[in-house]
Structures are given as structure tokens and as C-alpha cells.
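Make a model of the complete structure from these sequences and hints.
First residue of the sequence shown? That's 1 in the UniProt record's numbering, and the numbers climb one at a time after it.
These aren't lab readings, by the way, just hints derived from the structure by calculation.
Take these hints with a grain of salt, some might be off.
In silico DSS-like cross-links for lysine-lysine, where the CA-CA straight-line distance does not exceed 25 Å [as the list claims (entries may be wrong)]:
1) Lys189 / Lys179
2) Lys219 / Lys62
3) Lys115 / Lys219
4) Lys189 / Lys59
5) Lys189 / Lys62
6) Lys59 / Lys179
7) Lys211 / Lys115
8) Lys189 / Lys115
9) Lys179 / Lys211
10) Lys62 / Lys179
11) Lys115 / Lys62
12) Lys189 / Lys211
Derived CB-CB ranges, DEER-like [to be verified]:
13) Glu5 / Tyr192: 25 to 33 Å
14) Pro197 / Arg146: 43 to 51 Å
15) Ala9 / Pro182: 32 to 40 Å
16) Pro215 / Gly10: 28 to 36 Å
We treat Cβ as the ideally placed atom computed from N, Cα and C, and that holds for glycine.
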Amino acid sequence: MLAHERHGAGSPIVLIHGIGHRRQGWDPIVPLLVAEGHEVITVDLPGHGESPAYDAGGKDVKDYLHEVFEELYAHLGIDRPHVVGNSLGGLIALQGAVNGNAGSVTCLSPAGFWKGGRDFLYVRGLFRTMITAAGLLAPVAPLLMRYTVGKALGFSWLVQHPSRIPADHALGDFRNMLKARPAVAQLFKGAYMFEGPLPVPATIAWSEHDKVLLPYQAKVAQQRLPEAFHTVIPGVGHVPMSDDPQLVARVILDSIARAGKGTGAAA
Numbered sequence: 001m002l003a004h005e006r007h008g009a010g011s012p013i014v015l016i017h018g019i020g021h022r023r024q025g026w027d028p029i030v031p032l033l034v035a036e037g038h039e040v041i042t043v044d045l046p047g048h049g050e051s052p053a054y055d056a057g058g059k060d061v062k063d064y065l066h067e068v069f070e071e072l073y074a075h076l077g078i079d080r081p082h083v084v085g086n087s088l089g090g091l092i093a094l095q096g097a098v099n100g101n102a103g104s105v106t107c108l109s110p111a112g113f114w115k116g117g118r119d120f121l122y123v124r125g126l127f128r129t130m131i132t133a134a135g136l137l138a139p140v141a142p143l144l145m146r147y148t149v150g151k152a153l154g155f156s157w158l159v160q161h162p163s164r165i166p167a168d169h170a171l172g173d174f175r176n177m178l179k180a181r182p183a184v185a186q187l188f189k190g191a192y193m194f195e196g197p198l199p200v201p202a203t204i205a206w207s208e209h210d211k212v213l214l215p216y217q218a219k220v221a222q223q224r225l226p227e228a229f230h231t232v233i234p235g236v237g238h239v240p241m242s243d244d245p246q247l248v249a250r251v252i253l254d255s256i257a258r259a260g261k262g263t264g265a266a267a
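Dropping the structure here:
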């Protein structure tokens, strides 16, 4: 069973983090969504945070993640929640919609829209480089994460404003990235493109200063998923939740509102 937390009451929103991250990455926006009358469920992916190790048992990534989320939703007693995902979490949200496990999806710089092998090698190489660097910095990480310069060393490739991450969260994220290395390797081996179409209302929101999934991929997503609502989140990096919690929460709430109205695509 995936590790998870439940907050508030109301129509459920499931928040899914990206590769190498953990559920606490959503903490800045959880109270903002709860305040608008939602139950908010944050989840650790397999091999991340407090979830069990990644163990696909021979299944491909797509089928394995579908299985673990179906198990989670059955345990929680929820059906077709609003699903929000960042990076890999966005791809999981999109695939969940195809599988009938989401009432609407909101994707923050989702994976699955690179143009080809060279672009994918860039992303995989970036993670490999930064995780290797994190391993070298691990002995001094508790000290580094107290200071803006240390947070910048660890997270400027992921966020636009590293100083806005609390020191304890920064250290937890740093340690989690190292702990998640086996799962990260397996997820990259099984990476796949998302083609669509989408059977539910969807918002694709790309971070303006994304250094991981470069912003040109927003155009690829718009070409492949013309039925979705496409937008850009200004002033934020690939993992935008700590950069501007109010703005990210508004993107999510607006997406859910559009889904409730049944409105179609827009740019």
C-alpha cells in the first residue's frame, strides 16, 4: 500500500509528486485546497518517501502504477477523484484518466511529451548528474540545507526560488532523492510517451522556468491533447508548489471548476 495522508473533507483531490520527490512537496498548497472544501490526499510513489520499495514483479511501469493506484483508491473508498500530478505524477494522472480512475486531471509540467530519444537522454542525464552530486554532498547536507546557498546547490534545477523551501523540508527532500535512487532507475527504464486522447476534462499547466521538462514540451502537449485546457504558470520552476503556492492552488481550483462546468479546450 502506498504511504499517504488525508486532509480535510469534501470532494477528493489526489496529489501525485514527480520522480525522486515525496508527498510533502505538496504541503504548501494542501491547506489552500482544504479551505475550498476538498479532501486532499497526498501520496508517496513506490520507492519514494515512506512507501514500500518499487517492485513491479515483471510488469511495465504503466501497468504497475495503474495497479498500485487502483489498490490505493479501493482502500480509500474513493472513485474517480480529481487527480493532480507534477512531472511523472502528471503522466500518472493522465494515464489514470485513460484507465477510468480520474474525474478530472490537472498536470503541472507532466512527463511524456519529449520529442525524441535525445531529449529523453537530457532528462535522464540531468537526474543522474544531480543525484550523483547529492551523494557527494550528503555528509554536509544537514548544514547546507540551513542556508539559501545550500538549497540553491540542491534544488535550483527543480525550483525557481530555493530559499522558499523550509530547511527541514529541504533536508527531507534531499535525503529522499538519494533513498529513491533504485526506483528512479526503474522508472526511467520504463518511461513512455503519452498520446491521448483524454476522456475527462484536463488542464496542462507548464512552468515558465522549467529546467527539467523544457517549456517547448508544452507545445507538444497542446498538439497531442487539443481537447485539454493549456496554460503557463509564470515565475515558477519544474516543481512549482513552493515557488508560488497561491498561484498553483488557483490553477488547480480553476481546473476543477472548469471540469464541473464541462468546459472544453482553451489556450
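Hint-by-hint comparison with the structure:
The straight-line distance between the Cα atoms of Lys189 and Lys179 is roughly 18 Å, inside the 25 Å bound, and the hint therefore holds. Distance check on the hinted pair: Lys219 and Lys62 sit about 24 Å apart at the alpha-carbon level, within 25 Å; holds. In summary, the hint linking Lys115 to Lys219 is supported, as the alpha carbons are separated by about 10 Å, within the 25 Å threshold. Taking the CA atoms of Lys189 and Lys59, the gap is about 12 Å. The hint holds against a cut of 25 Å.
A threshold of 25 Å between alpha carbons decides the hint, and for Lys189 with Lys62 the separation of about 12 Å falls inside it, so the pair holds. For the hint pairing Lys59 with Lys179, the CA-to-CA distance comes to about 22 Å; that is within 25 Å, so the pair holds. Between Lys211 and Lys115, the direct Cα distance comes to roughly 16 Å. Compliance with the 25 Å bound is thereby established for this hinted pair. For a cut-off of 25 Å, the pair hint linking Lys189 to Lys115 stands: about 17 Å separates their Cα positions.
Between Lys179 and Lys211, the direct Cα distance comes to roughly 23 Å. Compliance with the 25 Å bound is thereby established for this hinted pair. With a CA separation close to 22 Å, the supplied pair Lys62 and Lys179 stays within the 25 Å bound. For the proposed pair Lys115 and Lys62, the alpha carbon gap of about 19 Å is at most 25 Å, so the pair holds. Taking the CA atoms of Lys189 and Lys211, the gap is about 21 Å. The hint holds against a cut of 25 Å.
The given range of 25 to 33 Å is respected by Glu5 and Tyr192, whose C-beta atoms sit roughly 29 Å from each other. The given range of 43 to 51 Å is respected by Pro197 and Arg146, whose C-beta atoms sit roughly 48 Å from each other. For the pair Ala9 and Pro182, the supplied restraint of 32 to 40 Å holds, since their beta-carbon distance comes to about 36 Å. Hint check: Pro215 to Gly10, Cβ distance near 33 Å, so the stated range 28 to 36 Å holds.
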